[in-house]
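Enquirer: With the hints as constraints, model all of the structure from the sequences given.
Quick note on the numbering used here: the sequence shown kicks off at -16 and runs consecutively.
Any given hint might turn out to be false.
Here are the simulated DSSO-like cross-link-like pairs (lysine-lysine), alpha carbons at most 30 Å apart as the crow flies [claimed, not checked]:
id	residue 1	residue 2
1	Lys151	Lys132
2	Lys91	Lys362
3	Lys151	Lys26
4	Lys32	Lys151
5	Lys211	Lys112
6	Lys232	Lys26
7	Lys49	Lys232
8	Lys237	Lys151
9	Lys32	Lys232
10	Lys26	Lys49
11	Lys49	Lys112
12	Lys211	Lys362
13	Lys151	Lys91
14	Lys362	Lys151
15	Lys211	Lys151
16	Lys91	Lys132
17	Lys132	Lys362
18	Lys56	Lys112
19	Lys232	Lys151
20	Lys132	Lys56
21	Lys237	Lys211
I should point out that these hints are in silico values taken from the structure, not numbers from a laboratory.
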Amino acid sequence: MSESYILFDEGPDGGTQAFADPERLIVAWEPEEVADALNAMQKARADGKWLAGTASYELGYVLEPKLLPRLPKNRHTPLICFGVFDGPDANAARSLAHRGRSEQADAKLDAPTPVWSADEYEAAFGTVKDYISAGDFYQTNLTFPMRSKYEGSALGLYTALRRAQPVKHGALVHLGEGPVFVSRSPELFFRVSAEGVIETRPMKGTVRRGNSQAEDDELVAFLGSDPKNRAENLMIVDLLRNDISRIAKVGSVKVPELFTVETYATVHQMTSLVRAELVDDVTVSDMFHALFPCGSITGAPKIRAMEVINDLEVEARDIYCGSIGWIAPDGRSSFNVAIRTLTLLDDDAVSLNVGGGVVYDSTAASEYEEALWKARYTKLLQTD
-16 MSESYILFDE GPDGGTQAFA DPERLIVAWE PEEVADALNA MQKARADGKW
34 LAGTASYELG YVLEPKLLPR LPKNRHTPLI CFGVFDGPDA NAARSLAHRG
84 RSEQADAKLD APTPVWSADE YEAAFGTVKD YISAGDFYQT NLTFPMRSKY
134 EGSALGLYTA LRRAQPVKHG ALVHLGEGPV FVSRSPELFF RVSAEGVIET
184 RPMKGTVRRG NSQAEDDELV AFLGSDPKNR AENLMIVDLL RNDISRIAKV
234 GSVKVPELFT VETYATVHQM TSLVRAELVD DVTVSDMFHA LFPCGSITGA
284 PKIRAMEVIN DLEVEARDIY CGSIGWIAPD GRSSFNVAIR TLTLLDDDAV
334 SLNVGGGVVY DSTAASEYEE ALWKARYTKL LQTD
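Expert: Rendered as structure tokens:
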């Protein structure tokens, strides 16, 4: 097996699965390459091939003409990078799992340092609140980068984090084009069944884990009933209902679950479920144009929120808030929202981002604290 692969915590068959040794990579670094890349992905699927790879957050600037002039120049991640495969590789999955177990003991991660101080965050937060008061939008997802260093291998780091922080939508991306990504994402962007049923599970609303079972239970009850978190979640549910309706059969968009609380190693999260039936002959390009990026990490309305994000955030998000996923030739697909995701750069440097949704009754201190809590999954591997 070569060192070009992508490993999913839960692949097409539900368990750990890998795609290795792609016959080729479909890559777009620049806006003018995106349409051809999406068409090539569609053709590969029609030819009976599987696809697995990444779409950076900045792809959203290219898919919306109004946002294209805002595309950041200094990017580390391809807009699109997908390998073309014959199918999942069980031998590669076993080999990677074995190597990961042998390498995880050497994995270490320094405590991440935020690029924004609390005061710098508060200044950007104040601008967002001014826009909300002026009626520009209801919610914006304001984020900032953090820096760290790691030791060991990417596979060992992924394996150790996976053992400590089980999630459904984690992945390790080592395709050889752009950086390596270690994703511990708990959030589903969308999945599609072979019958054409699409589901998305937006995650909006967070509270820390308790120090005792009693406190933990109290925090779960608080999150599930808190008006602010419910309102924040419902705004994004409505946005995603609208996005999905662009490619769904009329009358098929439903919300079978609302305000569900999910528990992870360091936080509790509020999620909801949106489901619909796709119209016939939806293409890969149709899907990305309708849905990307996920509304849970932009805000609502999406385009105006993305404009303000672009004005305020100091760096390109790259893979953060983009997506990692796979597409099968029978129409199935599954993509995460690439939150809780580490980008491994040169000289053992690590970049990660944190943030959250800002609404009218948010406060800067609580949002900054919540953002830092979201990085605590890295504490499970920090050196002393």
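Enquirer: Looking at the structure, which of the earlier hints fail to hold?
Expert: none
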